[in-house]
Amino acid sequence: MSESLSALLYLVAAICFIMALRGLSSPETARGGNIFGIVGMVIAILTTLASPEVVSYWLIVIGIVIGGAVGAYIARQIQMTALPQLVAAFHSLVGLAAVCVAAAAFAAPEAYGIGIRGAIHPASLVEMAIGLTIGAITFTGSIVAFAKLQGLVSGRPLTFAGQHPINLALGILLIALIVLFVMTESSGLFLLLVLLSLAFGFLLIVPIGGADMPVVISMLNSYSGWAACGIGFTLSNSLLIITGALVGSSGAILSYIMCKGMNRSIINVILGGFGTEGGAAPAGAGAGDRLVKSGSAEDAAFILKNAGSVIIVPGYGMAVAQAQHALREMADILKKDGVKVSYAIHPVAGRMPGHMNVLLAEANVPYDEVFELDEINRDFASTDVAFVIGANDVTNPAAKTDPTSPIYGMPILDVERAKTVLFVKRSMASGYAGVENELFYRDNTMMLFGDAKKMCEEIVKALE
Amino acid sequence: MADPASLGQRAGELAGEAGALARNLDALSQQLALSTHQAAHAGTPFVFELTIFALAVFVGYYVVWRVTPALHSPLMSVTNAISSVIIVGALIAAGPFGLGFAKLMGFVAVILAAVNIFGGFIVTQRMLQMFQRKK
Chain A
1 MSESLSALLY LVAAICFIMA LRGLSSPETA RGGNIFGIVG MVIAILTTLA SPEVVSYWLI
61 VIGIVIGGAV GAYIARQIQM TALPQLVAAF HSLVGLAAVC VAAAAFAAPE AYGIGIRGAI
121 HPASLVEMAI GLTIGAITFT GSIVAFAKLQ GLVSGRPLTF AGQHPINLAL GILLIALIVL
181 FVMTESSGLF LLLVLLSLAF GFLLIVPIGG ADMPVVISML NSYSGWAACG IGFTLSNSLL
241 IITGALVGSS GAILSYIMCK GMNRSIINVI LGGFGTEGGA APAGAGAGDR LVKSGSAEDA
301 AFILKNAGSV IIVPGYGMAV AQAQHALREM ADILKKDGVK VSYAIHPVAG RMPGHMNVLL
361 AEANVPYDEV FELDEINRDF ASTDVAFVIG ANDVTNPAAK TDPTSPIYGM PILDVERAKT
421 VLFVKRSMAS GYAGVENELF YRDNTMMLFG DAKKMCEEIV KALE
Chain B
1 MADPASLGQR AGELAGEAGA LARNLDALSQ QLALSTHQAA HAGTPFVFEL TIFALAVFVG
61 YYVVWRVTPA LHSPLMSVTN AISSVIIVGA LIAAGPFGLG FAKLMGFVAV ILAAVNIFGG
121 FIVTQRMLQM FQRKK
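Here the protein sequences line up with chains A and B, keeping their order.
All residue numbers for the first sequence refer to the numbering used here, where the first residue is 1 and numbers rise by one.
All residue numbers for the second sequence refer to the numbering used here, where the first residue is 1 and numbers rise by one.
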């Protein structure tokens, strides 16, 4: 296949990828978009296979069959609640693949037309080193994120003395190594660069706590794009550059949206350590002896049945308890009784962007009953019942009223404006931010202690 | 000495020489143009790539802001799938005859990218299937 024909086909593939993202602007067009993505990928692979550099196919076929079978199996088996860790694991693979391709390009530069062994073009070396570094950081960073999300290690931030100076020194060392590597083209330095980048990725994510994972995953999503981009520059492949840039900017935007949802800067999240104070109750609250009104499933059923409108606020606790199906059953009964039911989703609810939306969709909740914070926040004032299930910090009015609170300034769902607030929670423990929720002690709040799924099932029984 | 015939001959010769010179100049300028043209192609592929990169970042920026927040999870998994287009680099490494370090690296990268491509697109499809309009 001639070079210009393959360049043309790569362009077609790139446009397909853009259409894939474009399709996600509405649920109706999204599935078509995914088809575009698949078509683009097939075009890209076939075009490369037809290029004169590729002459031996058996190893490639074996690789695709093995990888494809594993990928397809995992994707079919995975539970929707485990989606965040799956995505983290997938990111790590992109990072590792980038490292492998960089190593291949370093060992056999002739195949890519970037010079010969020992005399690779300096520009290609720079690009290779950058792609390699980002790829390796993505790899270990994603593995740490995966381990935290999967519960293999504690989700608590791991901090130690001198953490930030060490990371800073490591970062500077990496840059110096890249310069040195470009000047000498030494294999030893290549290896050192890989190892140090791997360590850097690990150290970078370790101090970041579980509930900051939406930002971390988006960030790693972005990194995996930039790594692909770096490799694209190295190989002078426009398709890789375009795709990497698309993915990189997508991840960056998601990180920005998540940070805004928590009113924190990206630097603050990266530095980590948030949520370590744990249980340090704010002064003046005197939480110990304050009265909390708690109720049973029957009480909740009675209140819900007599309400005209209910807004459900799901959080990570719902995902952990797998309560989405029971919750939807409850909502169905209420709707049959003429109660208006809608759902309010906070941008950082769950462990990845859009996590709650997927779980509700999985439970067959129609997506036009599900609203984002900006769309629904005003409706709480005219709502009879706010049903908070597995969420805490995102409803805490302290974010609006208490300037000393760690979550001050974070946009929250105004559930306290509803006539009655029902809180499904396992215990009185404070949320991730370690902040007491003032809402629990209000007169119009009723706590429903128990597992979210069991509570929903009991309410369903009581309603029937 | 100044007979008109020889003078005319001389003038004719001069004109011929001037013509040749002009042709030379033309060829020279053509050569010059060609060589700068080549230089423009050989010397700045990086700028060309950077142009593509910058434009793609802008396209990505505008397209992604239009994605509805409800579909941010599928966005993440589909971007994950398409970033595995890094497989094109892996295929070239795994493509030559014989066995070597580069080919081995290419093989590993093909497997990793293939896991991602199949896994990413299938899981995205599964998610989007749930976002059908319910009756």
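No wet-lab data here; the hints were simulated from the structure.
Note that beta-carbon positions come from the ideal geometry of N, C-alpha and C, so glycine has one too.
Among the hints, erroneous ones may be present.
A short, non-exhaustive set of chain B residues, derived as facing chain A with CB atoms under 10 Å [stated by the list, open to error]:
| # | residue |
| --- | --- |
| 1 | PHE46 |
| 2 | PHE48 |
| 3 | ALA54 |
Results for each hint:
no.: 1; hint: PHE46; verdict: holds (6 Å)
no.: 2; hint: PHE48; verdict: holds (9 Å)
no.: 3; hint: ALA54; verdict: holds (8 Å)
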